[in-house]
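A.B. asks: Kindly generate the complete structure, drawing on both the sequences and the hints.
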Amino acid sequence: MTHRIKVCQGTGCLSSKSDEITDLLRMKAGEDVEVTITGCHGFCSQGPIVLVDDVLYTHTTKTDSKFILENHIRDGKILKNRLYKNPADKSRIEKYGDIPFYSKQTRILLERCGNIDPENIDDYISAGGYQSLKKAIELGPEAIIEIVKESGLRGRGGAGFPTGVKWEFARNAPGAQKYIIINADEGDPGAFMDRSILEADPHSVIEGMMIGAIAIGASIGYIYVRAEYPLAVSRFRKAVKQARERGYIGENILGSKFSFDIVVNEGAGAFVCGEETALIASIEGKRGNPRQKPPFPAISGLFGAPTNINNVKSFAAVTWIIKHGAEKFRSLGTKDSPGTAIFSLTGKVNNSGLIEVEMGTTLREIIFGIGGGIPKNKKFKAVQTGGPSGGCIPEQYLDTPVDYSTLADLGSIMGSGGMVVIDESTCIVEFAKYFLSFTQKESCGKCTPCREGTLRAKEILERITSGNGKLSDLEDLSKLARVIKTTSLCGLGQTAPNPVLSTLQYFREEYIEHIVDGMCRAGVCKGMFSLEINHDVCINCSKCQKSCTFDSVLGNREQGFVINSETCEGCRACLESCPVNGIEVRPPIELKVK
Amino acid sequence: MLSQEIASRYKNDKTAIIQMLNAIQDHYGYLPKDEIISLSKSIMLPMSKIWGIITFYSHYKLTRPAKHPVRVCSGTACHVKNSKLLKDVFEELIEDLPEDEVSVESVACLGCCALAPVFEVNGEVHGGMTKKKVEELASELHGEEMR
Ligand SMILES: Cc1cc2nc3c(=O)[nH]c(=O)nc-3n(C[C@H](O)[C@H](O)[C@H](O)COP(=O)(O)O)c2cc1C
Ligand code: FES
Numbered sequence: 001m002t003h004r005i006k007v008c009q010g011t012g013c014l015s016s017k018s019d020e021i022t023d024l025l026r027m028k029a030g031e032d033v034e035v036t037i038t039g040c041h042g043f044c045s046q047g048p049i050v051l052v053d054d055v056l057y058t059h060t061t062k063t064d065s066k067f068i069l070e071n072h073i074r075d076g077k078i079l080k081n082r083l084y085k086n087p088a089d090k091s092r093i094e095k096y097g098d099i100p101f102y103s104k105q106t107r108i109l110l111e112r113c114g115n116i117d118p119e120n121i122d123d124y125i126s127a128g129g130y131q132s133l134k135k136a137i138e139l140g141p142e143a144i145i146e147i148v149k150e151s152g153l154r155g156r157g158g159a160g161f162p163t164g165v166k167w168e169f170a171r172n173a174p175g176a177q178k179y180i181i182i183n184a185d186e187g188d189p190g191a192f193m194d195r196s197i198l199e200a201d202p203h204s205v206i207e208g209m210m211i212g213a214i215a216i217g218a219s220i221g222y223i224y225v226r227a228e229y230p231l232a233v234s235r236f237r238k239a240v241k242q243a244r245e246r247g248y249i250g251e252n253i254l255g256s257k258f259s260f261d262i263v264v265n266e267g268a269g270a271f272v273c274g275e276e277t278a279l280i281a282s283i284e285g286k287r288g289n290p291r292q293k294p295p296f297p298a299i300s301g302l303f304g305a306p307t308n309i310n311n312v313k314s315f316a317a318v319t320w321i322i323k324h325g326a327e328k329f330r331s332l333g334t335k336d337s338p339g340t341a342i343f344s345l346t347g348k349v350n351n352s353g354l355i356e357v358e359m360g361t362t363l364r365e366i367i368f369g370i371g372g373g374i375p376k377n378k379k380f381k382a383v384q385t386g387g388p389s390g391g392c393i394p395e396q397y398l399d400t401p402v403d404y405s406t407l408a409d410l411g412s413i414m415g416s417g418g419m420v421v422i423d424e425s426t427c428i429v430e431f432a433k434y435f436l437s438f439t440q441k442e443s444c445g446k447c448t449p450c451r452e453g454t455l456r457a458k459e460i461l462e463r464i465t466s467g468n469g470k471l472s473d474l475e476d477l478s479k480l481a482r483v484i485k486t487t488s489l490c491g492l493g494q495t496a497p498n499p500v501l502s503t504l505q506y507f508r509e510e511y512i513e514h515i516v517d518g519m520c521r522a523g524v525c526k527g528m529f530s531l532e533i534n535h536d537v538c539i540n541c542s543k544c545q546k547s548c549t550f551d552s553v554l555g556n557r558e559q560g561f562v563i564n565s566e567t568c569e570g571c572r573a574c575l576e577s578c579p580v581n582g583i584e585v586r587p588p589i590e591l592k593v594k
Numbered sequence: 001m002l003s004q005e006i007a008s009r010y011k012n013d014k015t016a017i018i019q020m021l022n023a024i025q026d027h028y029g030y031l032p033k034d035e036i037i038s039l040s041k042s043i044m045l046p047m048s049k050i051w052g053i054i055t056f057y058s059h060y061k062l063t064r065p066a067k068h069p070v071r072v073c074s075g076t077a078c079h080v081k082n083s084k085l086l087k088d089v090f091e092e093l094i095e096d097l098p099e100d101e102v103s104v105e106s107v108a109c110l111g112c113c114a115l116a117p118v119f120e121v122n123g124e125v126h127g128g129m130t131k132k133k134v135e136e137l138a139s140e141l142h143g144e145e146m147r
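For the record, the sequence lines run as chains C and W.
Residue numbers for the first sequence follow my numbering, beginning at 1 and rising by one.
Residue numbers for the second sequence follow my numbering, beginning at 1 and rising by one.
Hints in this document: simulated from the structure, not taken from any laboratory.
Some hints could be false.
Unchecked claim - Cross-link-like lysine-lysine pairs, in silico, DSS-like; alpha carbons within 27 Å at most:
#1 W:LYS131 - C:LYS378
#2 W:LYS61 - W:LYS84
#3 W:LYS131 - C:LYS546
Said to hold, decoys possible - Chain C side only, calculated, beta carbon under 8 Å to chain W, not exhaustive:
#4 GLY190
#5 GLU228
#6 GLY269
#7 ASN350
#8 SER352
#9 GLY353
#10 GLN545
#11 SER547
#12 ASP551
#13 PRO579
To be verified - Covered stretches of chain W (chain C as the covering partner; in silico rule of three or more C-beta atoms under 8 Å from a C-beta of chain C):
#14 17-24
#15 57-65
#16 78-85
#17 98-111
#18 114-120
The C-beta atom is built at its ideal place from N, Cα and C for all residues, glycine as well.
C.D. replies: Pasting the structure below:
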């Protein structure tokens, strides 16, 4: 029997040298072993990941390559200590499909990610690739649009506009030359869905885009990728080259009248370029300023021609829909939002990574079921979705089924799929300030409400987090937020206040605590808290002392430890290092004296 | 001049200006002034326009980068895992090194959020950074300099 070893070479695993593991395995493997690379499995926190047949190894090292070949392959002995350890009961799990992180997911678009070699088109083709393209050529534009409309697919880039309807606009727009664009700008800091798909399964995106091109009548496609994603760019380029060699891209594709070519366009680091009109300006070689809509890109887009823009995941979904049919897609998810949602689950959660679930899955299932809960038994505080355009959802809404409308009702957005979990050690006011500082910095400056408004709002938040806030600030902040929301030119400004509004709504008492009591309960805002060791729980392990940046933990293992509040700068290293949550956040010292 | 060669690769098409600038920066690590001037002539785009583009996009650098550029992620996932604090610690530790040796900058998300907090050193991603790893990194960089 031949064995197949698959080594993950996504960016995450590469950072822990999975390329060197691959080389070693290739060098020493016998005839009966095939060593291939794959893209991201989505389980980056466990990397480097090596799959031997269907056994998943986590945290593999270079030395393990020898054990894999000698013990596993030759002697059939599994490397127990490299199997995934379930944080719930510390048991080791052998098979890929048995790990709760995977077994609770519905991976239809991510199905091939981690299973095929993204740099080898044959892998994609033998997994059924380019069948949808063939089918689409036979179907013709009207039938494609009908199927996509029927499927109920909504754009995965954020706003959730029905894809089929958008295609129909572009198809009906007059113009000899039309364009189709993949939006792979993925500007949401803290999200990496699009990156992983491009790195792990680039052909599925190419295929979806070409189906879109047939539908709207485009002969040229662009992909706009973030400059920070070099590996995604190179994998995508390679995929285009291989597809061209096989006749999937070029003139008269698969003997039809359809001709198509793809241009790879790298961005240059501007969040606003994820917005479609700014993105188009950037491809045209201009500053990425968004413009007023209408006219929508479907009427006047790239170089003034009718243009259709979709997110990476939307195109990947189209490939799936054409292959499996609209009905099957509709059978997943909710009535309002059919299909699956892909999230990058990160922050204070045990299993962080890339996940795919049916729309309508509850936040609790995602965070506690798949994500395995919060590390170190800390308390869940909120989950942030939609990045800088989204909001924070508190505990009482954890049982909300996730889709476009439910999240919007809660004052957040679905967004492109960023999902960041925060625990009690994150200060909600500082968190809101973080997002606002981001949008303020990324505001292109064209319209006043966004340029000036975000700056003023940031100043208010800075005041509050430095202990100089006034109660009237809260009123001003909501007023300002509403003005920015309703009067900004583009989506950046229109959504920038969401992090502030949602936290003001759900965590108002924490704002008030900052202003009235001068206290930051999370122990984040400088000068607004003090730290104390709770001697009832302290196990005298000395970790806090070793971790302290300012040598402010006095004492020793025999006599116990205390924090010297005079020298403590509040670096929080002790809080992070304490294994038993034995360090407590207290009001600042000056207050206690009073 | 490199910029002429790059411009002709794109048939002197000014709409490809961003791709050209990217290519120049990939080569030098920054955008040297004479290359931009020569690019401006090749594609007949005024310097003022090019300047407008360079200053709009945060990717572009106008000064030669340090020998060891360190980028600290300030994306959301890294932020909630205290990347700012680690950056402060790191900056203090390398304060004594000359500016052209090590540079530190913040970037918004390197796309490895599951490994947060993330540093990127000489283009290599270092995930799961801790105070200890930061100290090791700093002493490694100090060692480099002595050699
Ligand atoms: C400030 C801003 C940033 C955006 N960033 C992205 C992005 O990174 N990726 C993306 O696909 N869409 C982004 N969008 C949404 C796009 O404008 C556009 O709606 C989307 O690409 C359409 O694709 P879809 O219909 O497949 O969702 C952004 C919008 C705004 C206002
Ligand atoms: S938030 Fe740091 S890598 Fe994404």
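A.B. asks: All the hints need checking, so say for each whether the structure fits it.
C.D. replies: Evaluated hints:
For the hint pairing LYS131 of chain W with LYS378 of chain C, the CA-to-CA distance comes to about 21 Å; that is within 27 Å, so the pair holds. For the proposed pair LYS61 of chain W and LYS84 of chain W, the alpha carbon gap of about 22 Å is at most 27 Å, so the pair holds. Restraint check for LYS131 of chain W and LYS546 of chain C: satisfied, since their Cα atoms lie roughly 10 Å apart, inside the 27 Å limit. Annotation: interface hint on GLY190 of chain C holds; nearest CB of chain W at approximately 3 Å, less than 8 Å.
Here the hint on GLU228 of chain C is kept, as its CB sits about 6 Å from the closest CB of chain W, short of 8 Å. With a cut of 8 Å, the hint placing GLY269 of chain C at the interface with chain W holds, because the nearest CB-to-CB distance is about 3 Å. Of the supplied interface hints, the one on ASN350 of chain C is violated, with its beta-carbon coming no nearer than about 11 Å to a beta-carbon of chain W, more than 8 Å. Satisfaction of the interface hint for SER352 of chain C is found here, the shortest Cβ-Cβ separation to chain W being roughly 4 Å, below the 8 Å cut-off.
The closest approach between the C-beta of GLY353 of chain C and any C-beta of chain W is roughly 5 Å, which is under the 8 Å cut-off, so the hint is satisfied. Interface hint status for GLN545 of chain C: violated, as the beta-carbon distance to the closest one in chain W is roughly 13 Å, over 8 Å. Among the interface hints, the one on SER547 of chain C holds; its C-beta lies about 6 Å from the nearest C-beta in chain W, closer than the 8 Å criterion. Here the hint on ASP551 of chain C is broken, as its CB sits about 13 Å from the closest CB of chain W, past 8 Å.
Taken as an interface hint, PRO579 of chain C does not check out: its beta carbon lies about 14 Å from the nearest beta carbon of chain W, beyond 8 Å. Coverage of the stretch 17-24 of chain W by chain C holds. Counting CB-CB distances below 8 Å, 5 residues qualify, and the rule asks for three or more. Counting residues of the stretch 57-65 of chain W whose CB lies closer than 8 Å to any CB of chain C gives 4, so the stated coverage by that chain holds, three being the minimum. Figure legend: the stretch 78-85 of chain W, annotated as covered by chain C; annotation consistent (6 residues with Cβ-Cβ distances under 8 Å, at least 3 required).
Interface restraint, the stretch 98-111 of chain W with chain C: holds (5 residues with C-beta to C-beta distance below 8 Å; minimum three). Restraint check on the stretch 114-120 of chain W versus chain C: 3 residues with Cβ-Cβ distances below 8 Å, three needed, restraint holds.
Hint check: violations occur at hints 7, 10, 12, 13; the rest are consistent with the structure.
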